[in-house]
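The lines below spell out each chain.
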Amino acid sequence: MSDILEITFLSLQVSTIATLVSLLIGLPFGTWLALGHFRGRSFLLSIVNTGMALPPVVVGLIVAMMLWRSGVLGSLKLIYTPWAIIIAQTIISAPVVTGLTSAALEALDPRLQQQLLGLGASRPQMIWHLWREARLPLLAALMAGFGSVISEVGASMMVGGNIKGQTRVLTTAIVLETSKGDFDKALALSALLLTLTYLVNLALTSIQQKGARK
Amino acid sequence: MKLSSRNVLLTLLLMLSIVLTACGASATPTVVPVTDAPVSTEAPANQNLILATTTSTQDSGLLDVLVPIFEEQTGYTVQTIAVGTGEALKMGEEGNADVLLVHAPASEVTYMEGGFGTDRFLVMHNDYIIVGPADDPAGIKGLGPKDAFLAIYNAGVPFVSRGDDSGTHKKEVSFWTKAEVDPAAEKLEWFIETGQGMGASLTVASEKGGYILTDRATYLANKDNLQLEILLEGNNALLNIYHVITVNAEKWPTVNSEGALAFAKFMVDPATQEIIKEFGVDKFGQPLFYPDADKTDADLGL
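Those sequence lines, one after another, are chains D and R.
Using the working numbering, the letters of the first sequence map in sequence onto residues 1 to 214.
Using the working numbering, the letters of the second sequence map in sequence onto residues 1001 to 1302.
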């Protein structure tokens, strides 16, 4: 029982950090992509949108090759630690947050920007206001980012190694129990994962809807 | 409106700080008590030890018993990575693991000849069995392994292959080679390559009503979910032999050679061998592995 709690907590911890780091990267970057006028913007957007469909197992392979002792970042000794999973999951969810942030801001009326600047708002003030205006789709971006990492198994398995008590998360534990033939435990863990995902999304949705009513 | 966006921000910051605090706490290495340590009383300089092994040792639960004992005795923290034997050997070749517990003797000899390993000890064996549908459509009962594979080939009945370069897969390929047929290359319709672990492959075999070569331990652990019967067992050619190999630190200075040797010695220690002998008896009524540290490769017909 205590090891299940540990696995659950690690899943939540790793995926939450990865999502928050993705937010720190994706919110500014997505905003820049949505508001900027520069050459190569649509090319960058197409790259980000492709990144939204990055297969976790490909990310896992590349991150693992870099973090292995024989890899370029091997001396950091991060392979088979929770940090390795966080790195891989951040790479998976950052494009999701970036792409959806950019889409959310582009969906706003372009005149709003002019209006705000015309009223004497500084650029940071304007961006802050646009974020507030687009907070519903921005929270959806956050939920999508979290959803993409809490549910992935390929990268966590490869860079984390599914080590008992160290890097075993819910999804990799489900794979293990299934291959051991313990379907009851696998199903119980699956139910736990779904419940967890539901609770996190319930919390975010309630924040979102509270914002919508006001 | 102002209030709500501030709430969102506050919630996020709160989540971040909780997570970071918790993470910081768990990142601190726990000091392993070394009270039971028979040999060394001080913690080793480099505590991290990467053990690359096969899915069979993990799926059977043996390592869940042995690793904690080793950690408590020596103060090492073992990171067990369960992969196929092919990948485990590759990890050793590239210095991505410190010690290997594998079961493909022929490949292991090549590995040692390449100078990638320092020590290699015989640890234990169990055996492979061929399981399949109870009515045995290819009629392999009573045959030798080579003839059984040939009978399956001639009958063209479903056969599930791991196809993942694991120790079990290497064993299977050796039988096809002995039978002088190559269903993988011929891309025959009845020949199913899963590329997955033993447990998953057994499920596929059960669903397809096919034959499969499996280690006994994984089969016993999964038996209740499978409609597969043991059709061939107890032949010397079906022994599944495990060796522990320490990765050569001269090739890769980052390798934890002291820890690797400690683990290798632990695996062949009489007390550990006794645990291996008893493992699984209470659950399956028979041992899953047979300790072999007092034997030589020649005793097992290698």
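Heads up, a few of these hints could be off.
To be verified - Calculated pairs, DSS-like style, for lysine-lysine (alpha carbon to alpha carbon, straight line, at most 27 angstroms): (1) D:Lys-210 x D:Lys-185; (2) D:Lys-185 x R:Lys-1223; (3) D:Lys-164 x R:Lys-1283; (4) R:Lys-1223 x D:Lys-77.
To be verified - Label pairs and their calculated CB-CB ranges: (5) R:Asp-1269 x D:Val-57: 37 to 47 angstroms; (6) D:Ser-206 x R:Lys-1265: 55 to 65 angstroms; (7) R:Ala-1043 x D:Gln-125: 54 to 64 angstroms; (8) R:Gly-1114 x D:Ala-188: 26 to 36 angstroms; (9) R:Thr-1254 x D:Thr-195: 40 to 50 angstroms; (10) R:Thr-1254 x D:Thr-50: 56 to 66 angstroms.
Because the hints were derived from the structure by calculation, they are not lab data.
In this text, all values refer to a predicted model and were calculated from it rather than measured experimentally.
The C-beta atom is built at its ideal place from N, Cα and C for all residues, glycine as well.
### Message
Is 26 to 36 angstroms respected by the C-beta to C-beta distance linking Gly-1114 of chain R and Ala-188 of chain D?
### Response
Taking Cβ atoms as reference, Gly-1114 of chain R and Ala-188 of chain D lie about 45 angstroms apart, which means the hint is violated.
### Message
Would the hint linking Lys-1223 of chain R and Lys-77 of chain D be met if the CA-CA limit is 27 angstroms?
### Response
40 angstroms, violated
### Query
Can the suggested window of 55 to 65 angstroms be confirmed for the beta-carbon pair Ser-206 of chain D and Lys-1265 of chain R?
Holds, since Ser-206 of chain D and Lys-1265 of chain R (Cβ atoms, about 57 angstroms apart) stay within the stated range.
### Query
Is Lys-185 of chain D close enough to Lys-1223 of chain R, meaning Cα to Cα at most 27 angstroms?
OK: Lys-185 of chain D and Lys-1223 of chain R at ~16 angstroms, within 27 angstroms.
### Query
Between Asp-1269 of chain R and Val-57 of chain D, does the C-beta distance stay in 37 to 47 angstroms?
39 angstroms, holds
#### Entry: Range agreement (Cβ of Gln-125 of chain D with Cβ of Ala-1043 of chain R, hint 54 to 64 angstroms)
56 angstroms, holds
### Task
Using the beta carbons of Thr-1254 of chain R and Thr-50 of chain D, state whether their distance is inside 56 to 66 angstroms or not.
35 angstroms, violated
#### Entry: 27 angstroms Cα cutoff - pair Lys-164 of chain D, Lys-1283 of chain R
It holds: about 22 angstroms lies between the C-alpha atoms, which stays within 27 angstroms.
### Query
Lys-210 of chain D and Lys-185 of chain D: Cα distance at most 27 angstroms?
37 angstroms, violated
### Query
When you take the CB atoms of Thr-1254 of chain R and Thr-195 of chain D, is the distance between them in 40 to 50 angstroms?
Holds - the Cβ-Cβ distance for Thr-1254 of chain R and Thr-195 of chain D, about 41 angstroms, lies within 40 to 50 angstroms.
Hint violations for this structure: numbers 1, 4, 8, 10, all remaining hints satisfied.
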